[in-house]
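Colleague: Taking the hints as your guide, dock the two standalone chains into a single complex.
Single-letter residue listing:
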Amino acid sequence: MSTKATYGLLATFSKTPEFFTATGKVRDAGFKKWDTFTPFPVHGLDDQMGVGRSKVPIFTLCGGLFGFCLGMLITFYMNGFDYPLIVGGKPYWSPVFPFPVMYELTILNAAFGTLGGMFIMNLLPRHNHPLFEYEDFIKSGDDTFFIVIEKADPQFDLDKTKAFLTEIGAEEVHVVEA
Amino acid sequence: MSANASTATTGVASSGGKKDFSTIALIVGVIGIIATLIGLVMDLSHGYGRVGQSWLIGFGFWMAMLIGMLFLTQITYLFDAGWATIIRRQWENAFAAFPFMALLIIPVVALPFFVGDNSSGAIWKWMDPTYMLPGIHGHTVEHDALYIAKAPYLNTPFFIARLIAYFLVFCGLGALLRKHSIANDTAADPKHYIACRKISAIGIFLTAFATTFMAFDLFMSLSYHWFSTMFGVWFFAASMRAGLAGTVLLCNFAAVKGWLQGFYNKNHNYFLGCLCLAFTVFWAYISFSQYFLIYNANIPEETFWFNIRELNIDGTKSTWWWVSMGLIFGHFLIPFLILLFYKTKVVRARLMGICTWILLFTLLDMYWNILPKQKSADNILGYDVQQFIPNIWDLAAIVGFGGIVIWATLRSAAKNSPIPLHDPRIKESLNAHQ
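Residue numbers (my numbering), protein chains in the order written: chain A, 1 to 178; chain B, 179 to 612.
These are computed hints drawn from the structure, not numbers from a lab. Cβ coordinates follow ideal geometry from the N, Cα and C atoms, glycine included. Each hint should be verified, as a subset may be incorrect.
Just a few of them, taken from the derived set where beta-carbon distance is under 8 Å, the chain A residues facing chain B [unchecked claim]:
| id | residue |
| --- | --- |
| 1 | His-43 |
| 2 | Gly-88 |
| 3 | Tyr-92 |
| 4 | Val-96 |
| 5 | Phe-99 |
PhoX-like cross-link-like pairs, simulated, lysine-lysine; straight-line CA separation at most 25 Å [what the hints assert, rightly or not]:
| id | chain 1 | residue 1 | chain 2 | residue 2 |
| --- | --- | --- | --- | --- |
| 6 | A | Lys-25 | A | Lys-15 |
| 7 | A | Lys-55 | A | Lys-162 |
| 8 | A | Lys-90 | B | Lys-495 |
| 9 | A | Lys-162 | A | Lys-139 |
| 10 | B | Lys-521 | B | Lys-444 |
| 11 | A | Lys-55 | B | Lys-521 |
| 12 | B | Lys-376 | B | Lys-357 |
| 13 | A | Lys-55 | B | Lys-593 |
| 14 | A | Lys-162 | A | Lys-15 |
| 15 | B | Lys-605 | A | Lys-15 |
| 16 | B | Lys-605 | B | Lys-435 |
| 17 | B | Lys-435 | B | Lys-551 |
Some but not every residue of chain A turned toward chain B, in silico, with C-beta under 8 Å [stated by the list, open to error]:
| id | residue |
| --- | --- |
| 18 | Arg-53 |
| 19 | Phe-97 |
| 20 | Gly-141 |
Only chain B is shown next, with the shape it has when bound in the complex (with noise of 0.2 Å):
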C-alpha cells in the first residue's frame, strides 16, 4: 500500500500508458461513429430505419451503463457507504461522457426529418402522422385511435423537450457529483461530501424518472401500441447489471495495469460480485414479472409484444424464441449460478469473466427489446417481424459509442487523482473488509 500512496499523489503522472490506450479508443470510437452515421443517413434515404436501430442499440447500451454508475454513485452516497469510495472515483470519471452522449443522441431522433423524402417514421412511426400502420387494417398513424389517445404526450415537440430534460439530469447530476468530489481532492473539505449526500437524495428520483421516461420514449415507444409499467424498472435492471459489469472491467484493468494498482483488492470484488448477483436476480425478476402478468392477462393490446418475439405467421418459432431462450438461460440462470460461488467474486479473472459474459448479453437484450419491428407484407396478418439479424451497422454503433465512453473516461482518469484522496470515507474504502 505504501509503495503506492506516492502514486496517489501523482495521478497524472502515473497515467503514461493509458494516453495511448485513450486516443485509440477515441480514433475507433469515432471511426464508428461515422460508420453508423453514413449508414444511417443511406438507411434513411431511402425510408429504412434498421441502421437507426442499430444507433438506438449502441446508444442503449452504453447509456445504460452510465445511468447505471449514477445510480450506484448516488445510492453508496446515501447509504454512506465506506467500501465503494475508491470505486466511485472510477464512477465520476465515466460521468464525463455523458455530455458526449447527450450530442449524440441527436443525430437519430434528427436525421429522419432531414434525410430521405418520407422517412420521419422510421425509427419512431409515430412521429410520422402519415405513416401506414403494418396489419390488415389499413389506416395511418393519424387515424390510428390509440395514436389520437397517446399523442398529448407522444408527439416531436414534447419528445424533444423530454429528451432535452433527461439529459439535463444526466449531464447536470454527472458534472454536480464529479465537481464536488474532484474539488475535496485539492481543497478537503467535509462540506463537499455533504453537498454531495443532499444531491444523491434529491438526484435518485431525478434519475429514477428521467431513466424510467427515457426507456419509455427511446425504446418502448418504438412499438407504440404497447405499454407495460415495467419496462422502466426493466431498463433500470439492465442499467443496474451493465454498470456493474462495467466497474469490475473497468476497476480491475485499472488495478492489474493502470492508476489503481494497490488500492483495490478482492473485497472490493467481492461487494462488486454480490451487487451483481442480486441484480442479475432483479434482472431475472422484473423481466419475468413483466411476461407473467401479461401472458396471464392475455390481453391482445399487450400480447402481441411477446407474440412477434416468439412466433412466425406461421406458427413455428421464430429467431427471436431462441434469443429469448438465451436470455432465460444466459442472462439469469447461468451467471445466477455461477456468481453463487463466493470464488467467482473474489478471484480476479472469474469475475472478470462472468461480468464480460454479461455485458454481452445485456447487449441481446436490447436487440430483444429494441429490434423486433412489424413491417407490411402481403400476409394473412398484413406484417412480418424484422428478424434477429445482426449486421455491420450494429457492430459500428456499438464500438462507435463505446470508443467515444471508453475515451471520455480515460480522459477523465487521466486528469484526476486515482482516488478521492481526501474523502471522510477513503480509509474505510482502502481497507475494505468483507
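This is chain A alone, in the form it adopts within the complex (with noise of 0.2 Å):
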C-alpha cells in the first residue's frame, strides 16, 4: 500500500434545497476542481454549478465532416479515378449517385465522434477514482448529495475550505485521502 494524501473534501447533504443553494455558494467563493454527486438529476444544477455546455458537439460536428469528405473521397476515389465505368449513363463521378455513401459515412463518423469525444471529455477511461476510498460513497445513489471540493484547487486549504463548507450548511464534512 502507498502513502495515502489528501484528495479532497467531501461534504455531505440531506436535503435538494440546502444542496442546491451551497452548490451556488460554491460557485460563487470561485472553486474550480470541485464536483457534485446526487442520487437522482437535479434540474439545473449545471447552471447552478456554473459549468458551461458540453464540448462533445465539436468532435460530433468533426467525426460528422470527416466522415462527409471521407465518403466523397473513397467514391470519387473508385468511380472516377481508379476504376471509371460508365453506369446507368451517370457521370464517373457526380455529387449525387454516391450521396447516401457521404450521408452514411457522416453519420458513422459522427457517432464515432461523440463516442470518442464523451470519453476524452470525461476522462475515460479510468479504473478507480480516488472518491471511492470514502467508504459511504454508495449513498450518492441513495439518500446523500455531496459536494467535494479537490484539493488540487488553487482555492483550497484543508481548515478553511472545511470551515466554509461548515458555514454553508454541509451536515457532515469527510477528508477524503487515497
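Modeller: Listed below in C-alpha cells is the structure:
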C-alpha cells in the first residue's frame, strides 16, 4: 500500500434545496476543481455549478465533416479515378449518386466522434477514482448529496475550506484520503 | 409566474391589444382574397391558369402550416408530452382557420368551370377532356393513354368528393380536439384528456391519409403524367416545418406582447427548435430521396418532372435551376447548420429569425412544386416551361390566406384561456425543463 495523501473534502447534504443553495455558494466562492454527486438528476444544477455546455458536440461535428469528406473521397477515388465505369448513363463521378455513401459515413463518423469525445471529455476510461476510498460513497446513489472540493483547487486550504463547507450548510465534512 | 397566473384566468380581459391586430389581419386577408379572386376571374376568362396557381401557392403554404399544427397536436397527445401543453392551446386556436380554408378552396376548383369559354382545364388540365396536351404528339386529354389509365381515380366528381372528405377530416379533428380541450377549462375532468388521446390515435392515421392524398390531388395532379409516392411525404415534411416555424413565431409574439407572457420560456423554444432541426433534416431526406430514386431509375415518365425544373430547351439552366439550388442551400443547408447551435434554439431573436427564414423558403418550395408547367409552344419539344416569375397575384394570395388564418387564430385566442388551465399536464408544461 502506498502512503495516502489528501484528495479533497467531501461535504454531505440530505435535502435538495440546502444542497442546491450550497452549490451556488461554492460556485460564487470561485472554486474550480470541485464536483457534485446526487442520487437523482437535479434540474438546473449545471447552471448552479457554473459549468458551461458540453464540448462533445465539437467532436461530433468534426467526426461528421470527416465522414462526409471521406465518403466523397472514397467514391471519387473508386468511381472517378481508379476504375471509371459508366453506369446507367451517369457521369463517372457526381455528388448525387454516391450521396448515400457520404451521408452514411457522416452519420457513422459523427457517432464515433460523439463516443470518442465523450470518453475524452470525461477522462475515460479510468479504473478507479480516489473518491471510492470514502467508504459511504455509495450513499450518493441512495439519499445523500455530496459536494467535493479537490485539494488540487488553487483556493484549497484544509481548515478554511472545511469551515467554509460547514458554514454553507454541510451536515458532515469528511477528508477523503487516497 | 405568479404575477401572470391572474391573467390566465381572465384570458379575455388580457387580450386588449390583439383584437385590433386581428381586425387588421381580417381586413388585409379579405382584400387579398378579393384581389386574387378578381385576378383569377380575369385570368380564367382568357383561359389561363396562372392566378389559379397563385391561389394554390397561398393555399398550400398556409394549409401546410395548419396541417403541421394538427399533426403536432396529435403527436403530443399520443406521446403524452408534458412540455407542449401550453403550446397546444395555440395550435388549437389555429384550428379555427380550417373551415375558412375549406371555404377558400372552392373558388379555385369551381371557377374554371364557370368562367371563360374553355378554361376548365386551365389549372388542372385533366379536368378538361378536350385539353390539347403540350408536346409534339398532339393529342387531347381524353385520348391520352396515361389519362385513360388514371381516369377511374382522376375525374372531377371523385376529386371533389375526396376534397370534401379531406376537409371533413381536418375540420372535424380540429373541432373535436378544440372542443374537448376548451371544455376542460371550465369543467375540469380527465375524461377530456383521455378522449383527446383516443381521437388522436385514430386521427393521426386519418390526417396522414388526408394530407398525402390532398397533396396528390391538388399539387401532384397539376402535372398528372408524373407520379411519385414520396410526394405526400414531401408535403408532410413541408407541413411540419411550416407548422413548427409558425408555432415558434406565434408563441414568441404572444410571449413578448400577448397572452403567453410569463408562461412561455426558453425551454419551450429549445424543444421547438430541436423539432425544427429534426424536420429540416427530414425534409432534405425526403426531397433528396425523391430526386435520387428518379435520377437513378432514369425513366423518362418520371425524369421529365425534374427536367422541366432544371433545363431550358437549349440545354442551359433555367430559372428553376436557381430555385432548386436555393432550396438545397437555403432550405436545408443553412437552417441545418444554424439550428445545430444550442444558442439558436434558446435565444428568442435567433430562433425567430431562422423560423422566418424557413417559412420564406417553404414558400419557395411551394413555388417550385406548383408553378413549373408545360405549355404548348412552337419548338422541337412542342412545349416550353412556365418560369419562376412571381407576380402580384401570388403576393395577394399569400397575404390574403395569411390574413384569414391569422385573424381566425387571434379571434380564437381572444375568446379562450391562453393556456389549458386544468390540463393534467399543465404544471409539467409550465415547468418544462431541458
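Colleague: Each hint needs a verdict: does it hold in this structure or not?
Modeller: Results of checking the hints against the structure:
The restraint placing A:His-43 at the interface with chain B holds, with a minimum CB-CB distance near 5 Å, inside the 8 Å limit. The beta carbon of A:Gly-88 is positioned within 8 Å of a beta carbon in chain B (closest approach about 6 Å), and the interface hint is therefore held. About 15 Å separates the beta-carbon of A:Tyr-92 from the nearest beta-carbon of chain B, more than 8 Å, and the hint is not met. Using the Cβ-Cβ criterion of 8 Å, the hint placing A:Val-96 at the interface with chain B is satisfied: the shortest such distance is roughly 6 Å.
A cut of 8 Å between beta carbons decides the hint on A:Phe-99: the least distance to chain B is about 7 Å, and the hint holds. Annotation: proposed proximity of A:Lys-25 to A:Lys-15 holds, straight-line Cα distance about 16 Å (limit 25 Å). As the CA atoms of A:Lys-55 and A:Lys-162 are separated by approximately 32 Å, the hinted pair breaks the 25 Å bound. For the suggested pair A:Lys-90 and B:Lys-495, the alpha carbons sit about 18 Å apart, so the restraint of at most 25 Å is met.
Of the supplied pair hints, the one linking A:Lys-162 and A:Lys-139 holds, its CA atoms being roughly 20 Å apart against a limit of 25 Å. A C-alpha spacing of about 10 Å is found between B:Lys-521 and B:Lys-444, which places the hinted pair at or below 25 Å, so the restraint holds. In summary, the hint linking A:Lys-55 to B:Lys-521 is supported, as the alpha carbons are separated by about 14 Å, within the 25 Å threshold. Proximity of B:Lys-376 to B:Lys-357 is assessed by CA-CA distance (about 14 Å); at most 25 Å being required, the pair is judged to hold.
Under the criterion of a C-alpha separation no larger than 25 Å, the hint pairing A:Lys-55 with B:Lys-593 is inconsistent with the structure, at around 46 Å. At most 25 Å may separate the alpha-carbon atoms for a hinted pair to count; A:Lys-162 and A:Lys-15 meet this at roughly 20 Å. For the suggested pair B:Lys-605 and A:Lys-15, the alpha carbons sit about 23 Å apart, so the restraint of at most 25 Å is met. Using a Cα cut-off of 25 Å, the hinted pair B:Lys-605 and B:Lys-435 holds, with the two alpha carbons roughly 23 Å apart.
Between B:Lys-435 and B:Lys-551 the CA atoms are separated by roughly 43 Å; this puts the pair beyond 25 Å, and the hint is violated. Taken as an interface hint, A:Arg-53 checks out: its beta carbon lies about 6 Å from the nearest beta carbon of chain B, inside 8 Å. Interface hint at A:Phe-97: satisfied, since its Cβ lies 7 Å from the closest Cβ of chain B, which is below the 8 Å cut-off. Taking 8 Å as the C-beta contact cut-off toward chain B, the hint placing A:Gly-141 at the interface is violated, the least distance being around 22 Å.
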